[in-house]
Amino acid sequence: MDNRLIFEKGSIGRKGYSLPANDIEESTIEDLIPERFRRKNRPGLPELSELDVVRHFTSLSHRNYAIDTTFYPLGSCTMKYNPKINEEIAGLPGFTMIHPLQPETISQGALRIMFELEGYLKEISGLDKVSLQPSAGAQGELAGMLMIRAYHKKMGNPRKTVIIPDSAHGTNPASATLAGYEVREVKSDKEGLVDIEDLKKVLDKDCAALMLTNPNTLGLFEREIRTISGLVHETGALLYMDGANLNALLGICRPGDMGFDLVHFNLHKTFSTPHGGGGPGSGPIGVKKHLAPFLPIPTIEKDGERLYLDFNRPESIGKLQAFYGNFAILVRAYSYIRIVGKHGLNNISINAILNANYIRKRLELEFFIPFNRACMHEFVLSAKRLKAKGIHAWDLAKRLIDYGFHPPTVYFPLIVEEAMMIEPTETESKETLDQFCDAMIAIAREADQDPELIKKAPHTRDIGRLDEVRAARNLDVCFSPTNRLF
Amino acid sequence: MPYISNTKSDQEEMLKLIGVRSIDELIDIPSELRLKRPLNLPASVSEIELRKEMLRLSETNGDLDHYISFLGAGAYDHYIPAVVAQMISRSEFYTSYTPYQAEASQGTLQAIYEYQTMICRITGMDVANASMYDAASALAEAALMASRITGRKKVIVSRSINPNYRAVVKTYLSGLEIPVVEIPVHNGAADLEILKKEMDGGSACFMIQHPNFFGCLEEVTEMSEIVHRMGALLVVMVDPISLGILKPPGEMGADIVLGEGQGMGIPVAFGGPYLGLFASKREFLRQMPGRIVGATIDDKGRRGFCLTLQTREQHIKRERATSNICTNENLTALAALVYLAIMGKNGLSEVGRLCISNAAYARSRISGIGGFSPLFDRPFFKEFAVRTPSSPSGLLDKLLERKIIGGLDLSGLYPELGNAMLISVTEKRSREDIDCLVSAIKEAIRT
Numbered sequence: 001m002d003n004r005l006i007f008e009k010g011s012i013g014r015k016g017y018s019l020p021a022n023d024i025e026e027s028t029i030e031d032l033i034p035e036r037f038r039r040k041n042r043p044g045l046p047e048l049s050e051l052d053v054v055r056h057f058t059s060l061s062h063r064n065y066a067i068d069t070t071f072y073p074l075g076s077c078t079m080k081y082n083p084k085i086n087e088e089i090a091g092l093p094g095f096t097m098i099h100p101l102q103p104e105t106i107s108q109g110a111l112r113i114m115f116e117l118e119g120y121l122k123e124i125s126g127l128d129k130v131s132l133q134p135s136a137g138a139q140g141e142l143a144g145m146l147m148i149r150a151y152h153k154k155m156g157n158p159r160k161t162v163i164i165p166d167s168a169h170g171t172n173p174a175s176a177t178l179a180g181y182e183v184r185e186v187k188s189d190k191e192g193l194v195d196i197e198d199l200k201k202v203l204d205k206d207c208a209a210l211m212l213t214n215p216n217t218l219g220l221f222e223r224e225i226r227t228i229s230g231l232v233h234e235t236g237a238l239l240y241m242d243g244a245n246l247n248a249l250l251g252i253c254r255p256g257d258m259g260f261d262l263v264h265f266n267l268h269k270t271f272s273t274p275h276g277g278g279g280p281g282s283g284p285i286g287v288k289k290h291l292a293p294f295l296p297i298p299t300i301e302k303d304g305e306r307l308y309l310d311f312n313r314p315e316s317i318g319k320l321q322a323f324y325g326n327f328a329i330l331v332r333a334y335s336y337i338r339i340v341g342k343h344g345l346n347n348i349s350i351n352a353i354l355n356a357n358y359i360r361k362r363l364e365l366e367f368f369i370p371f372n373r374a375c376m377h378e379f380v381l382s383a384k385r386l387k388a389k390g391i392h393a394w395d396l397a398k399r400l401i402d403y404g405f406h407p408p409t410v411y412f413p414l415i416v417e418e419a420m421m422i423e424p425t426e427t428e429s430k431e432t433l434d435q436f437c438d439a440m441i442a443i444a445r446e447a448d449q450d451p452e453l454i455k456k457a458p459h460t461r462d463i464g465r466l467d468e469v470r471a472a473r474n475l476d477v478c479f480s481p482t483n484r485l486f
Numbered sequence: 487m488p489y490i491s492n493t494k495s496d497q498e499e500m501l502k503l504i505g506v507r508s509i510d511e512l513i514d515i516p517s518e519l520r521l522k523r524p525l526n527l528p529a530s531v532s533e534i535e536l537r538k539e540m541l542r543l544s545e546t547n548g549d550l551d552h553y554i555s556f557l558g559a560g561a562y563d564h565y566i567p568a569v570v571a572q573m574i575s576r577s578e579f580y581t582s583y584t585p586y587q588a589e590a591s592q593g594t595l596q597a598i599y600e601y602q603t604m605i606c607r608i609t610g611m612d613v614a615n616a617s618m619y620d621a622a623s624a625l626a627e628a629a630l631m632a633s634r635i636t637g638r639k640k641v642i643v644s645r646s647i648n649p650n651y652r653a654v655v656k657t658y659l660s661g662l663e664i665p666v667v668e669i670p671v672h673n674g675a676a677d678l679e680i681l682k683k684e685m686d687g688g689s690a691c692f693m694i695q696h697p698n699f700f701g702c703l704e705e706v707t708e709m710s711e712i713v714h715r716m717g718a719l720l721v722v723m724v725d726p727i728s729l730g731i732l733k734p735p736g737e738m739g740a741d742i743v744l745g746e747g748q749g750m751g752i753p754v755a756f757g758g759p760y761l762g763l764f765a766s767k768r769e770f771l772r773q774m775p776g777r778i779v780g781a782t783i784d785d786k787g788r789r790g791f792c793l794t795l796q797t798r799e800q801h802i803k804r805e806r807a808t809s810n811i812c813t814n815e816n817l818t819a820l821a822a823l824v825y826l827a828i829m830g831k832n833g834l835s836e837v838g839r840l841c842i843s844n845a846a847y848a849r850s851r852i853s854g855i856g857g858f859s860p861l862f863d864r865p866f867f868k869e870f871a872v873r874t875p876s877s878p879s880g881l882l883d884k885l886l887e888r889k890i891i892g893g894l895d896l897s898g899l900y901p902e903l904g905n906a907m908l909i910s911v912t913e914k915r916s917r918e919d920i921d922c923l924v925s926a927i928k929e930a931i932r933t
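Chain order of the listed sequences is U and C.
For the first sequence, the numbering used here assigns the number 486 to the last residue and increments by one with no breaks.
For the second sequence, the numbering used here assigns the number 933 to the last residue and increments by one with no breaks.
Honestly, the hints are just simulated from the structure, not real lab data.
The model shown is predicted, which means the values in this text are computed figures rather than measured ones.
Check each hint, because a few of them may be wrong.
As the list claims (entries may be wrong) - List time: in silico BS3-like cross-link candidates among lysine-lysine, alpha-carbon distance up to 30 Å:
1. U:K201 to U:K187
2. U:K153 to U:K84
3. C:K914 to U:K40
4. U:K153 to C:K914
5. C:K803 to U:K456
6. C:K656 to U:K288
7. U:K361 to U:K456
8. C:K803 to U:K160
From just these sequences and the hints, can you work out the full model?
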């Protein structure tokens, strides 16, 4: 196997690109660009043929697990199948080759997709207005937090704190801090839900909002959401929903009806747009009427049949992106909703819930499952029983790789010891779920017979267990042929 | 079609094992919260119907294959080698997620490591991250990073930076109430005399775009002295396409370098997804936002890659993280990596040369038209601003009738510049395209 870096390949003078000849002879670069601005040497890039490049990246692709090759039950990430028709549609030249600043008269098709997608998201969430601008969930959170700030400022006091449960995603406290808020934590109770008594203690007039994920990161629905909403609104604070787990709720219930004032969506989770190895995603933000004036600019508005971008919104928090959002991702989400249809959306959530409960039930004897009751689209188990044999969730994850599965999310949420968060999604079949459960149970048996096998996994990849501590200690984040660690 | 694999009989078997009669029994949601009606959305359509409808809709947009475009201002119609789309369409790349499990993600991890290295090599910086959303958020994150490093709050930006990017910086900094001070433009570049006055002991950084929004080159080396004298940091936003020709910012004193990577193999796509480049000096690595990949070894001493310095990130550090970013732009970073690999040492410089000569030719031809003249007298890369005899909006409308997108009307963004427009000329515009623009302008102002 050829594991060379791209910088270790190629040959001087080899060429893979094809550009037109320069037919402009009026002046030279030397005339046009003074010497103080010019680089002395060409950049240190490789020289490769097209075939070199294709082989290099094709071979790299073989070294990834992906939804298209393996079950990928990464909790909280909704790694569902990404339908191919969406890729084909998003690749149409009428979508890829349009400039964001070209006149609105020749962009009506693009604006229509965005306008209608906003409408779909409003209906799904029970909210009044949506902006598609945020690039990903965390940017949606930031938009939401800044809108909360703008709202309270208008009411006379921006307030000081945002309350966040101890089970929340790390982006929640990071986004609240970026928006200038202090974070206060609210505890989870014995049931794995927001501790209402603790909430009462931390809620006061300084609180700007409660940020909640529902179902929460344990995969449990916050049953007391109406009570929570009442308590929060009584103090004048707002209720924000992290929509990471929306895949459990489609057509079943809606954040707006539960009392949430604003919600961000993750189109790359619920609406099947590919995760791309870590992005790009899209994190639209939806709000109730009272927050609509603060949405990012521009919004998309309709005047008769004509759609236009509205920049004249004096109370807006401003812009989060140079343009209007990750349009090519929006096209995919739009296609997905159209092809799935209204009844299909509801089926998605129902089957996501069924699949998660099936795995939970199949593993409950072999593994400790805290809060073991019916879950929504995901659940969290604990690998703590294996600790006696020196095995951790991390080892279990590595051994799953040998069985041909991408491991679930590990060590999150933080409130469960040796946590493993499993989200199968609706697109997986019973056979796949059975194979995964069989593997988990087989590994639990291996823990009795041969714990070293697990501690040293993976064994079947072209690379063994990587030393992540060394990576942080002997930092090598940029290749240099003269300063090699190997 | 909801893309569900399980059949009714699969579902029944599963329910039996779970020990419930219906899926509804599993749903632990109080009935008063349940939606009692179907969602008011369109019913499902087939692939055939959807494709037909979407194709028709896409064709109502005017695309750059059918228009000759001179529009840039942050989104550029550059050559995308066919190999780029083919490689990023490999679904082992695009259907994976953040490489938390290194041994199952070496493809993505090695690619990011190579990408980080390429970004360092073109910018002349020591370290780069795995990507930010776009140049706008990267600029905002650079301001925050400079503020953390210096412990100072005042952020100074040049008005020669793309107005949309400056707007995003203001949004990002509004919650923390970090003041943003703007330096006016003098003859197409930041006014250094005013910069000297504004720069003080409370300044965290000065941020500049080079080439700037008007396409002009900025006196970065001179700025470096002014900024560093006050103990502040110099943040330079680049156009990566220019870096085959222009001096890397690392050689001009930049502390943090960022840029819009869209030009490197990523389509204009009505504004996104794009790619935020982000690099810095090594000493600031631990203050950097976003993911970083490092090289390491496995249990047999073989080279491999993993995410590193994760203790900066939100999933570990929560409210004390260097940024809230989680999902980034990995796939467009991969596109940029494939682009730089295929263009290589010579291709990037050749693209730069073509842009410079095409843009220079266009500027000289347009300036020859009565009433048109260059707005600034400075060296420029692939964009330039021209003064127009009347408001450019009428002219642009007339050009559009001839299937030419003539450029950007600057009067709304920079009222102080009067009647002016911004014209972008990439390597994709031929001499013939430029001649066509020139004769169309001549005809338009006659009628």
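Cross-check of the supplied hints:
For the hint linking K201 (chain U) to K187 (chain U), the alpha-carbon distance of about 11 Å falls within 30 Å, and the restraint holds. At roughly 46 Å between alpha-carbon atoms, K153 (chain U) and K84 (chain U) are farther apart than 30 Å, so this suggested pair is violated. For the hint pairing K914 (chain C) with K40 (chain U), the CA-to-CA distance comes to about 26 Å; that is within 30 Å, so the pair holds. For the given pair, K153 (chain U) sits about 49 Å from K914 (chain C) by alpha-carbon distance, which is inconsistent with the 30 Å threshold.
Taken as a hint, the K803 (chain C) and K456 (chain U) pair is honoured in the structure, with Cα atoms around 28 Å apart against an allowance of 30 Å. Distance restraint check for K656 (chain C) and K288 (chain U): the Cα-Cα separation of roughly 25 Å lies within the 30 Å cut-off, and the hinted pair is therefore satisfied. As the CA atoms of K361 (chain U) and K456 (chain U) are separated by approximately 29 Å, the hinted pair is consistent with the 30 Å bound. Simply put, K803 (chain C) and K160 (chain U) have alpha-carbon atoms about 21 Å apart, close enough for the 30 Å limit, and the pair holds.
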